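*Asks:* Given the coordinates of chain A, work out where chain B should sit on it, guided by the hints.
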Amino acid sequence: MNSIVCIKRVPETAEATLKIASDNRRLEEENLVFAINEADNYALEQALLLQEEFGGDITIVSVGPEKTDEIIRMALAKGATSAIRITPTDMAELDPFAVASLIANEVEDLDYDIIFTGCVASDDGFSQVGVTLAEILGIEHISMTIEMEAGEDGATVNRELEGGLMAKYDVKYPAVVTIQTGINEPRYASILGIKRASSKEIRVVDSVDIGGKRVNLEKIYFPPPGKMAEIIEGGPDAVAEKTCEILKSKGLL
Amino acid sequence: MSLNYDLPDDAVMMRNTVREFAEGEIRPVAMELDQKAEFSPELTKKMGDLGLFGVFLPEKYGGAGLGYIPYIVAVEEISRVDGSQGATVAAHNSLGIGPIYYFGTEEQREKYLPQLTTGEKVWAFGLTEPDAGSDAGGTKTTAVKDGDEWVINGSKIFITNGSTPYSLGCTAQAVTGTRSDGKKEYTCFLVEQGTPGFKAETMHNKMMWRSSITSELYFDDCRVHESAMLGERGEGFHQMLDTLDKGRLSIGAMGLGCAQGALDLALKYTKQRKQFGKYISTFQVNAFKMADMFVEIENARNLLYKATWLYEQGRKEYKLWASMAKLHCSEVAYRCVNHAVQLHGGYGLMEENEVARLYRDQKLLEIGEGTSEILRWVIARRIGCYDV
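In order, the protein sequence lines correspond to chains A and B.
Sequence positions in the first sequence follow our numbering and run 1 to 253.
Sequence positions in the second sequence follow our numbering and run 254 to 641.
With a cut-off of at most 25 Å between alpha-carbon atoms, the simulated SDA-like pairs for lysine to any residue come out as follows:
1. B:K393 <-> B:G487
2. A:K200 <-> B:E565
3. B:K527 <-> A:L18
4. A:K200 <-> B:R268
5. A:K200 <-> B:D262
Far from chain A by the CB rule (all over 10 Å, computed), these chain B residues:
6. N257
7. A290
8. P367
9. E402
10. I410
11. S433
12. P449
13. E469
14. D473
15. S480
16. A544
17. K559
18. G599
19. V641
Hint data in this document are derived by calculation from the structure and do not stem from the laboratory.
Computed from a predicted structure; not experimentally measured.
A virtual CB, placed ideally from N, CA and C, is assigned to each residue, including glycine.
Bound conformation, chain A alone (with noise of 0.2 Å):
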């Protein structure tokens, strides 16, 4: 079973303060520390599990500058078989639509069963590209996919819904998978992978005028402050009891 996984460099932007570059247009990235997309790291792992059982090759996609190759490598470390990066002239000139179709411009005479993409970037959090590419080769696709079991021909997933709900589909390959966080525990690349992924292939290419942006990206900016975070006042007991009001009061307890 072959399996390629499109996956996107991000920056981390939990604990960093984020300045926006003059253009309005990106952050500026002196200080920023990139890594791997979280949810793309998990369809990696997902990719990984099925290599194990049916063996077969894993091709890793990815639309990004050079600095890419550093999470491409690790990926390759972990034990996916070869990769292509698709360079664009520039990152922010994309859509969603246009990433999904220089995807599909590589992957389209590729031999492969699944497809799996993270469900959502950290960055940009559209979740649009893994959808987008199954509809551009004309394949089936499952979303948001919290579990699944993947058989020779096609695999049963699970999506979670809202309001404790899970909803199972079959689907036939070829298909789009796109991945949660928390259906697997992602892997540590090996440092036996990491001295194996020095001699497998990282494909360059340069992307080409696709012609499919759909969406232009005008800005991006912090929002004016709102409303002020209420603060609760008064000894401990005061504030458990107005806590436990305030959560009984949103339907948390």
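*Replies:* Coordinates of chain B only, in the frame set by chain A:
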């Protein structure tokens, strides 16, 4: 050819993967293991699974076949989080695996190395004795030939990984006679656990590296077959010097990692702690301390990586650089943990705070595998201070 300060790809990947491992697997348990003074076989096995034992060994012995730079980066990243696990990794690789790989016969390599790279078994290096520390020429342990066996008598002290439940054995240096120049002849022997007359006991109540095992080794008419000799008779002194020279690179990496860990903790804390209505990281007295730490750490890193690079290039002068790197990295670590505790104020004095453990763990680095004093003597001699 231009000067290049970029690490090779494999070392960058090593840093990423070992940092992720250290944060995910070691940091959550480090404090409890330290408080209980407990060696963790589970964690050791996990480090073995990752490939941390035998980084520089060929794949046929179970290693990863990488160079020394990725190995040094790995020790640095483990030690950034926990000195005890850093010690287990550095000692097992440099002192346990190293001598068998570099000096052992093919038979010895095949017998021991595959077991030592999985993390299920560790090996120790017995050099230091109760009366022979810096003065390594004062060792009293002897080995006497009897038929096709050698009979070892004596004891060793402060031996890392000597008495873990998973110790496979140790390399023991012994006096085997007198050389033609009148000096002692040294030879090393591979002694397996369970050999009659060999006993390894764990030393307790350590101030530092509390979840790494430090041992005393006793040899009482301990008989080993002549095939257990490491290399040739009389090579023991050279083997010891060579092992310690390379070992200094990994102790340097422990100092560097410890210093970086201290700065990271200090930055995190001072950016959360407010006094006089301001974050204390913004007080100049504190900010400048951390700026100094940053500069010193970068300086130490460059010296250590250069020493490691010289070694990888096969250049003999690496030995001097390894001495400088070990001396400097361990003393930078000293200044960094001292600043880091100061920046934590009263909270830095509490064992609930990681910075207290780094403060304790640092001290060994100025003493073990060549004290700062011995290293200064090595360097002073090398630059000609005594040639008058």
